[in-house]
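Novice: For reference, the chains in residue letters:
Number of protein chains: 2
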Amino acid sequence: MIAEIIAAGSEMLTPFRQDTNSLYLTERLNEMGVSVAFKTIVGDNLDHLTGAARIALGRADIVIFSGGLGPTEDDRTREAASAALGVGMTRSAEILAAMYKRFALRHMAVPLNNERQADVIDGAEVLENVNGSAPGQYIDTVVGGHRKIVILLPGPPKELKPLFDAQCRSRLAATLPERHIAKRMLRMALVPESQVDARTAPIYNLYSDVETTILAGAAEIQLHFQCAKPTMKEAQARVDELATAVEQEMGEAIYSFNGESLEEVVLLMLGLRHMTLAAAESCTGGLLAQRLTAVPGCSRYFLGGAVVYADSLKTSFADVPEEMLRTEGPVSEAVARALAVGIRRRTGASVGVGITGIAGPGGGAAGPDANKPIGLVYVGISFGDAAEETVVTELQINGDREKIRWWASQHTLELVRRSLMERG
Amino acid sequence: MIAEIIAAGSEMLTPFRQDTNSLYLTERLNEMGVSVAFKTIVGDNLDHLTGAARIALGRADIVIFSGGLGPTEDDRTREAASAALGVGMTRSAEILAAMYKRFALRHMAVPLNNERQADVIDGAEVLENVNGSAPGQYIDTVVGGHRKIVILLPGPPKELKPLFDAQCRSRLAATLPERHIAKRMLRMALVPESQVDARTAPIYNLYSDVETTILAGAAEIQLHFQCAKPTMKEAQARVDELATAVEQEMGEAIYSFNGESLEEVVLLMLGLRHMTLAAAESCTGGLLAQRLTAVPGCSRYFLGGAVVYADSLKTSFADVPEEMLRTEGPVSEAVARALAVGIRRRTGASVGVGITGIAGPGGGAAGPDANKPIGLVYVGISFGDAAEETVVTELQINGDREKIRWWASQHTLELVRRSLMERG
Numbered sequence: 006m007i008a009e010i011i012a013a014g015s016e017m018l019t020p021f022r023q024d025t026n027s028l029y030l031t032e033r034l035n036e037m038g039v040s041v042a043f044k045t046i047v048g049d050n051l052d053h054l055t056g057a058a059r060i061a062l063g064r065a066d067i068v069i070f071s072g073g074l075g076p077t078e079d080d081r082t083r084e085a086a087s088a089a090l091g092v093g094m095t096r097s098a099e100i101l102a103a104m105y106k107r108f109a110l111r112h113m114a115v116p117l118n119n120e121r122q123a124d125v126i127d128g129a130e131v132l133e134n135v136n137g138s139a140p141g142q143y144i145d146t147v148v149g150g151h152r153k154i155v156i157l158l159p160g161p162p163k164e165l166k167p168l169f170d171a172q173c174r175s176r177l178a179a180t181l182p183e184r185h186i187a188k189r190m191l192r193m194a195l196v197p198e199s200q201v202d203a204r205t206a207p208i209y210n211l212y213s214d215v216e217t218t219i220l221a222g223a224a225e226i227q228l229h230f231q232c233a234k235p236t237m238k239e240a241q242a243r244v245d246e247l248a249t250a251v252e253q254e255m256g257e258a259i260y261s262f263n264g265e266s267l268e269e270v271v272l273l274m275l276g277l278r279h280m281t282l283a284a285a286e287s288c289t290g291g292l293l294a295q296r297l298t299a300v301p302g303c304s305r306y307f308l309g310g311a312v313v314y315a316d317s318l319k320t321s322f323a324d325v326p327e328e329m330l331r332t333e334g335p336v337s338e339a340v341a342r343a344l345a346v347g348i349r350r351r352t353g354a355s356v357g358v359g360i361t362g363i364a365g366p367g368g369g370a371a372g373p374d375a376n377k378p379i380g381l382v383y384v385g386i387s388f389g390d391a392a393e394e395t396v397v398t399e400l401q402i403n404g405d406r407e408k409i410r411w412w413a414s415q416h417t418l419e420l421v422r423r424s425l426m427e428r429g
Numbered sequence: 006m007i008a009e010i011i012a013a014g015s016e017m018l019t020p021f022r023q024d025t026n027s028l029y030l031t032e033r034l035n036e037m038g039v040s041v042a043f044k045t046i047v048g049d050n051l052d053h054l055t056g057a058a059r060i061a062l063g064r065a066d067i068v069i070f071s072g073g074l075g076p077t078e079d080d081r082t083r084e085a086a087s088a089a090l091g092v093g094m095t096r097s098a099e100i101l102a103a104m105y106k107r108f109a110l111r112h113m114a115v116p117l118n119n120e121r122q123a124d125v126i127d128g129a130e131v132l133e134n135v136n137g138s139a140p141g142q143y144i145d146t147v148v149g150g151h152r153k154i155v156i157l158l159p160g161p162p163k164e165l166k167p168l169f170d171a172q173c174r175s176r177l178a179a180t181l182p183e184r185h186i187a188k189r190m191l192r193m194a195l196v197p198e199s200q201v202d203a204r205t206a207p208i209y210n211l212y213s214d215v216e217t218t219i220l221a222g223a224a225e226i227q228l229h230f231q232c233a234k235p236t237m238k239e240a241q242a243r244v245d246e247l248a249t250a251v252e253q254e255m256g257e258a259i260y261s262f263n264g265e266s267l268e269e270v271v272l273l274m275l276g277l278r279h280m281t282l283a284a285a286e287s288c289t290g291g292l293l294a295q296r297l298t299a300v301p302g303c304s305r306y307f308l309g310g311a312v313v314y315a316d317s318l319k320t321s322f323a324d325v326p327e328e329m330l331r332t333e334g335p336v337s338e339a340v341a342r343a344l345a346v347g348i349r350r351r352t353g354a355s356v357g358v359g360i361t362g363i364a365g366p367g368g369g370a371a372g373p374d375a376n377k378p379i380g381l382v383y384v385g386i387s388f389g390d391a392a393e394e395t396v397v398t399e400l401q402i403n404g405d406r407e408k409i410r411w412w413a414s415q416h417t418l419e420l421v422r423r424s425l426m427e428r429g
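Going down the list, the sequences are from chains A and B.
The opening residue of the first sequence carries number 6 in our numbering; numbering runs sequentially from there.
The opening residue of the second sequence carries number 6 in our numbering; numbering runs sequentially from there.
Only chain A is shown next, with the shape it has when bound in the complex (with noise of 0.2 Å):
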């Protein structure tokens, strides 16, 4: 079975709007064991729409639209899909009846367009919408001797998505063979795609019945499996097969063994411990605290810290001499060390973080960072005060000042979770 949707409305169109709907729906439909081969997105405008709904009836046997339910003279795709159904519509008493108690209940008039909204197929279920005002609908017919199965659901995502599961997933399921879908998402930072891809694919390439996608993203690297079998047992256990291969591939480069943020996993390493962490972030100014603290709950495992940009917080926030900053400057090992150290101790964290470095697109200030180049990032990482107990770690990033900023907070993650490892 093959899906197409459409996604109906002209702000599409521009270049400030996209479809976003389709991504969940094919999520769904994915997981029925429907795949979505086309996509089409389409202005309000009838013939366009209805040209597209004809097309889209002759080459999907499911055919999914979103948007172009609302009440206003734009909306056109319960006209359209009537049309190319080549059927007609009624006008429901009972929508209309429930729409004039809504209104009457806010004590407004119901707008003479919006009697529009209560239009249905002929031959359509209707699918009532608790988020909203207009009601999605449901077709199962045969055009041309084959049968065709045709939704309208609302346009924002919020009444589409808790419309489609709550009544188009069952009605689905129904017309199609039972399957159950197993998912797992292992995740890596800093390691290339092409060498995961290298290391990896020998494995996944043995599991055939597994669907392995390889997403890379800002500095890290998403490996799903997903499995569909007639139980969920089966599916369950050859995902999580490939899942433990794969694991004894890449070892600890595997920092997330269900999808769990680099954040997350973390702090949870940071609780296990019994242990806290704190950060002196200069060139990401902010951009780690706020990846942590955007966790419900971290409080217990991050103290917080300081955003130590100008020279002066430096040293009055996490004790770095003044004279180091003017003979080593800013962005050194050196300055990287006493940060960590320093809000460490200020803070009485069990783990203190020292960030410098140079997010460009300007070069290094006067002084010893004159010459040094853009994207030189030090991190450092404090455990306690003996000097083996402190590590930095030069980094040189390429790229704009926001990717600059992001892998600096990402190889700082993932270098607390691998001291935290190997502190065991």
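Don't read these hints as lab results, they were simulated from the structure.
Just so it is clear, the structure is predicted and the values come from calculations on it, not from any experiment.
We put the CB at the ideal spot given by N, CA and C, even for glycine.
One should not assume that every hint holds.
Claimed, not checked - Listed next, with one range per pair, are the computed distances between beta-carbon atoms:
no., chain 1, residue 1, chain 2, residue 2, range
1, A, Glu-183, B, Glu-407, 29 to 39 Å
2, B, Pro-207, A, Glu-198, 51 to 61 Å
3, B, Val-92, A, Ala-98, 49 to 59 Å
4, B, Gly-222, A, Glu-198, 27 to 37 Å
5, A, Glu-133, B, Glu-239, 46 to 56 Å
6, B, Ala-103, A, Ser-317, 52 to 62 Å
7, B, Ala-242, A, Thr-95, 49 to 59 Å
8, B, Ala-206, A, Leu-117, 18 to 28 Å
9, A, Thr-249, B, Glu-78, 27 to 37 Å
On the provided structure of chain A, position chain B as indicated by the hints.
Specialist: Quick look at chain B alone, frame taken from chain A:
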């Protein structure tokens, strides 16, 4: 003239990847007076692609393909376009020679499949791709008595964008009436979209030759104006006239007159006043600092500050009395005030900001915060030691943790901007 964009690639029919090239192409086409009426996303399947190409040739004047020009068996855009046009392909000796040369320089053999990248649709101009191996193709032809322009572009955005700009814009412009586009963007924070629309629609509706788009984003509204005229002077005059009228209506609610971000505007205003800013952040956890430090050159006006997530850090980095944390609770008017004053004094900044709140999903801690609601945020802004120079604003933000944190940072920036304006 209407255009259709066909994005070829099975990965864009998964839940993981989205076509984004079309946003760029749409912007460029709109500038030339061409509207995009359809976007089609289709997998790497020759029948599906050929069908989509035929449909596009039937309903659009300009058909632009992105993707499917690579060397693998999956890359079928060339074949699909030639089949839909009903013309053949010829392997170009010139492209082949360049390919062999490029591989030879890297001491690599040319994989047999790669030769397919030298196939040129009969009648096409080859568009050199300096950023990748797949050249583009440009076909200006007649199909069924109608002039059709068909463009094949490589999928990677880093190849597609420069190739389109360097080689397609001038070719398209030569076939289209001359137009010059002027644009302006006004931005407002924390004003409801309905209010902006109600107040500005009577104004922009008078300018039927200027295209106005209102975009509501995360705690901000953008008003985009665009006007096309035979000369740039005329276009700019109309856009500026409308922008001025809207500025008069919306007044100080507008923070940006030419698209600058709120962070940039705040930093600019601080710079004009020779002032500096520092922040003590609790619930936003570094988000405010991160946004400010994302702006290049921020260091002269933003000193940094502290992420005082743990209560002990509120005391050690911003001198909030322990007694106050116990009696008032960390999420209180008094603590926001103390944070703002404390961080200003500690850093020597002209302006100190303190943010404390409950971002959820859990509620306030035990003690005085126990019954305070999720989304309660206090923002303190301090300009001096006199009591009236520090003002605290209480906010109640609805939403999840991410939204509460973002809106809190946005509110804070807007409050700083308005305070600076009031002080002149």
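Novice: All hints are to be evaluated individually against the structure, with a verdict given for each.
Specialist: Checked hints:
The hinted window of 29 to 39 Å between A:Glu-183 and B:Glu-407 holds, with their beta carbons roughly 37 Å apart. For the pair B:Pro-207 and A:Glu-198, the beta carbons lie near 53 Å from each other, so the given range of 51 to 61 Å is met. The hint said 49 to 59 Å for the Cβ distance between B:Val-92 and A:Ala-98, and at roughly 57 Å that hint holds. The hinted range of 27 to 37 Å is satisfied by B:Gly-222 and A:Glu-198, whose Cβ atoms lie roughly 31 Å apart.
Taking 46 to 56 Å as the suggested C-beta distance range, the pair A:Glu-133 and B:Glu-239 conforms, at roughly 52 Å. Between B:Ala-103 and A:Ser-317, the C-beta spacing of about 56 Å keeps the proposed range 52 to 62 Å intact. Remark: the range hint 49 to 59 Å for B:Ala-242 to A:Thr-95 is upheld by a beta-carbon distance near 53 Å. A beta carbon spacing of about 21 Å between B:Ala-206 and A:Leu-117 agrees with the range 18 to 28 Å that was offered as a hint.
Separated by about 32 Å at the C-beta atoms, A:Thr-249 and B:Glu-78 satisfy the suggested range of 27 to 37 Å.
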